[in-house]
Amino acid sequence: MNILVCIKQVPDDSVEVHLNAEGKPDLKNITPVVNAFDTYALEMAARLKESSEGEITVVCMGDASAKNSLKNCLAVGADYAFLINDAAFEDSDTRGITHVLKNAAKKIEADTDKKFDLIFCGKEATDAALGQVGPMLAEELGVGVITNLIDIQLDTDKVTAKQETEEGYRTVESKIPCVVTVSKPEYDPRYPTIKNKMAARKKPIGNITMSDMTNIKAEKVGKENTLVNAIKLYEPPKKEAGVKIQEETDEDSALKAVAMMAEAKVF
Amino acid sequence: MADCKDIMVYVETAEGNPVKVALEMLSPAKELADAKGGKVIAVVIGNNIHDAAQKIAQAGADQVLMIDAPEYEKYNMDVYADVLANLMKEISPEVLFIGGTQDGKDLAPILSSKFEAGCASDVMNIKIDDTGKIVFTCPLYGGTILEDIEITSFPKIAVLRSGAFPKLEDSTTGEIIEKQVSISNDCIHANIVETVKEIAESVNLEEAEVIVSGGRGMGNKDDFKMVEDLSNLLGGVVGATRPAIEEGWISKIHQVGQSGKIVAPKLYIACGISGATQHISGIMNSDYIVAINKDEDAPIFEVANVGIVGDVKKVLPIMIEEIKKIKEAQ
Ligand SMILES: Cc1cc2nc3c(=O)[nH]c(=O)nc-3n(C[C@H](O)[C@H](O)[C@H](O)COP(=O)(O)OP(=O)(O)OC[C@H]3O[C@@H](n4cnc5c(N)ncnc54)[C@H](O)[C@@H]3O)c2cc1C
Ligand SMILES: Nc1ncnc2c1ncn2[C@@H]1O[C@H](COP(=O)(O)O)[C@@H](O)[C@H]1O
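Protein chains in written order, with this note's numbering: chain A, 1 to 267; chain B, 268 to 597.
Treat the hints as calculated values from the structure; they're not laboratory data.
Here a beta-carbon is modelled for each residue, glycine too, at the ideal position from N, C-alpha and C.
Please note: incorrect hints may appear among the correct ones.
[Stated by the list, open to error] Listed next, the in silico SDA-like pairs over lysine to any residue satisfying Cα-Cα at most 25 Å (straight line):
no.: 1; chain 1: A; residue 1: Lys-175; chain 2: B; residue 2: Glu-340
no.: 2; chain 1: B; residue 1: Lys-594; chain 2: A; residue 2: Met-260
no.: 3; chain 1: A; residue 1: Lys-265; chain 2: B; residue 2: Met-551
[To be verified] Facing chain B, from chain A, some residues (calculated, C-beta under 8 Å):
no.: 4; residue: Glu-139
no.: 5; residue: Ile-146
no.: 6; residue: Thr-171
no.: 7; residue: Gln-246
[Stated by the list, open to error] Which chain B residues face chain A? A few, computed with CB under 8 Å, are given here:
no.: 8; residue: Gly-371
no.: 9; residue: Lys-372
no.: 10; residue: Glu-383
no.: 11; residue: Ala-384
no.: 12; residue: Cys-386
no.: 13; residue: Leu-407
no.: 14; residue: Leu-435
no.: 15; residue: Ile-443
no.: 16; residue: Lys-464
no.: 17; residue: Val-477
no.: 18; residue: Glu-569
no.: 19; residue: Glu-589
Hey, can you work out the whole structure from these sequences and the hints?
In structure tokens:
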């Protein structure tokens, strides 16, 4: 089983992002991390590899700082890692990202003379929560896609996946190769052991740039070629705060609140 | 082609009825179509879906294309995407609206790739600016920042957030056109072999008039029951924050917020909830918010009409008793 996992580096999603004085997202003091859903995807891929052997390659399109994220992936189950980085790719939209990821996958396949059987993505990146790249990548590659996985099972020529739904789940089958996108499974991603951390530090991280990819189209990537453009960023309007009740006892506070609610005829 | 002004709306159905967001999408669709001088063309796919088509025709669509055949009885993403792609080629709409359901969120990027169409996700608002440009508002970073975007491609695709647009009030009489679409069998890569419902209850947070929600501050599953008691008493629906769900106190279908349901009740009671932006962004359209939190600096108080600083486990039983008394006296 030859697996590709696509990871995106995003600002730590446990920190609230606000606009700075220049009206840009203030990310200065927020640690960049691997998108949470991508860590779930890598964990699911690692479990699959352990149960049926195979290799995992991770790719990340991003700036040089993403190397650190890739190292972390090498410490928790990935065998190979590539940073896809080129000034020409900066500020690409999802069409551009998908185009680059597809061509990077093709390049790695050609270099290793091995096709990817499965491509894992997160269900969405926590920055803009688009959830577009996984299905778009499948469409570009002409293969199937199953989204929102919470479990996966492998047969010789197909995968059977448990797709999370609002009311429960669906069992979905797809031919291989295919793309899958991962939601939060029942388990948590593993922590790296010290030994694996040390080993990961020594492993090389491959670099892929524009000129390494033969079929890449310059007119699909970069800021000038986006199909979706930001016009304006702003923070949502705040609601006016009302009254805060803090009486001697909780009982008094509760009674006062109920009286106000009754007055306002809200129940 | 690029001067076609029609707005195409994909209408998802569940048990033979249009899903809620499908009806909601008709109002911005109509506004855009009117401004551009085009038509609202709705598309319904399924088997025996005449009733759904009828509802859409009466809810604001100028035309309803009905793709009604046994092979569409069961949802298959590849098949439905192929049908929609064929219709898009034929109609060549300026914009395709898709409702932000789980399946809608999958179909949109597939179609976006097929047509090299820019795609806006989780659209909360749509306006036309002075130059006639369509501007879509989408959340970033869990809704702490909003982004106005434009799509430069033709066609454009927008996935609309459920609950963000009001349904049209006037009933209309659009025409229903039955259509056959031939799809190629080799478009099918994946199949749904089983659908399992683990949650029997129907939870309709989006249309609830009263919602009582509990967060991590409820402490444990037993005490979380107080939230359910108050909700029952008020004839409301129970909501929850993500941590309450992760703790297993209640199922995911009750989640309110950015990655859960966006709600707009008359009364929202937040119990033991801190008020993180990802939660607040889902309750901003509530008419009246009551919050109970022991931390007087909790951000939830910044949006609450009435904030109670206190221990939720002491406050809730008293509120329940007192409201019972008032109700009985009525
Ligand atoms: C991409 C993304 C999407 C997210 N989507 C959602 C979403 O859709 N919905 C959502 O809810 N969250 C979402 N979150 C999580 C969100 O950021 C917060 O972590 C979450 O809303 C906090 O839940 P909480 O208020 O229950 O818990 P906490 O933040 O831990 O707050 C608990 C509160 O309870 C109070 N408390 C404790 N004990 C008592 C007591 N005895 N009496 C009174 N008060 C007490 C505390 O003072 C505290 O304020 C999302 C996060 C991310 C990154
Ligand atoms: N720059 C990137 N590099 C690698 N993978 C990415 C990148 N952007 C998105 N992805 C993958 O696509 C998924 C969905 O991203 P999005 O469509 O932005 O929500 C992510 O969880 C990643 O698996």
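Can you confirm whether the C-alpha distance between A/Lys-265 and B/Met-551 stays at or below 25 Å?
Holds: A/Lys-265 and B/Met-551 sit about 20 Å apart, inside 25 Å.
Can the hint on A/Glu-139 be confirmed by a CB-to-CB distance to chain B that is less than 8 Å?
holds, 4 Å
A/Ile-146 as chain B interface residue, shortest Cβ-Cβ below 8 Å:
Where the cut-off is 8 Å and the nearest Cβ of chain B is about 6 Å from A/Ile-146, the hint holds.
Holds or violated: A/Lys-175 to B/Glu-340, with C-alpha atoms at most 25 Å apart:
holds, 22 Å
Go through the hint on B/Ile-443 and say holds or violated, using the shortest Cβ distance to chain A against 8 Å.
Status violated, d = 29 Å.
Against chain B, with CB atoms and a cut of 8 Å, does the hint on A/Gln-246 hold up?
Hint on A/Gln-246: holds, closest Cβ of chain B at ~4 Å, below 8 Å.
Let me know if the C-beta of B/Glu-383 comes in closer than 8 Å to any C-beta of chain A, holds or violated.
The hint holds - B/Glu-383 has a Cβ within 8 Å of chain A, the shortest such distance being about 7 Å.
If you take the shortest Cβ to Cβ gap from B/Cys-386 to chain A, is it below 8 Å?
At about 6 Å, which falls below the 8 Å cut-off, the nearest Cβ of chain A leaves the hint on B/Cys-386 intact, so it holds.
Taking 8 Å as the limit, does the beta-carbon of B/Gly-371 come near enough to a beta-carbon in chain A?
It is violated, given that the least Cβ distance between B/Gly-371 and chain A is near 11 Å, above 8 Å.
Does B/Lys-372 hold up as a contact with chain A if the rule is Cβ-Cβ below 8 Å?
Nearest chain A Cβ about 5 Å off; hint holds.
Interface restraint verdict for B/Val-477 against chain A (beta-carbon cut-off 8 Å):
Holds, because the Cβ-Cβ distance from B/Val-477 to chain A comes to roughly 7 Å (cut-off 8 Å).
With a cut-off of 8 Å, does the beta carbon of B/Lys-464 approach a beta carbon of chain A closely enough for the hint to hold?
Given a least distance of 5 Å, the restraint on B/Lys-464 holds.
Hints 8, 14, 15 from the earlier list are contradicted by this structure; the remaining hints agree with it.
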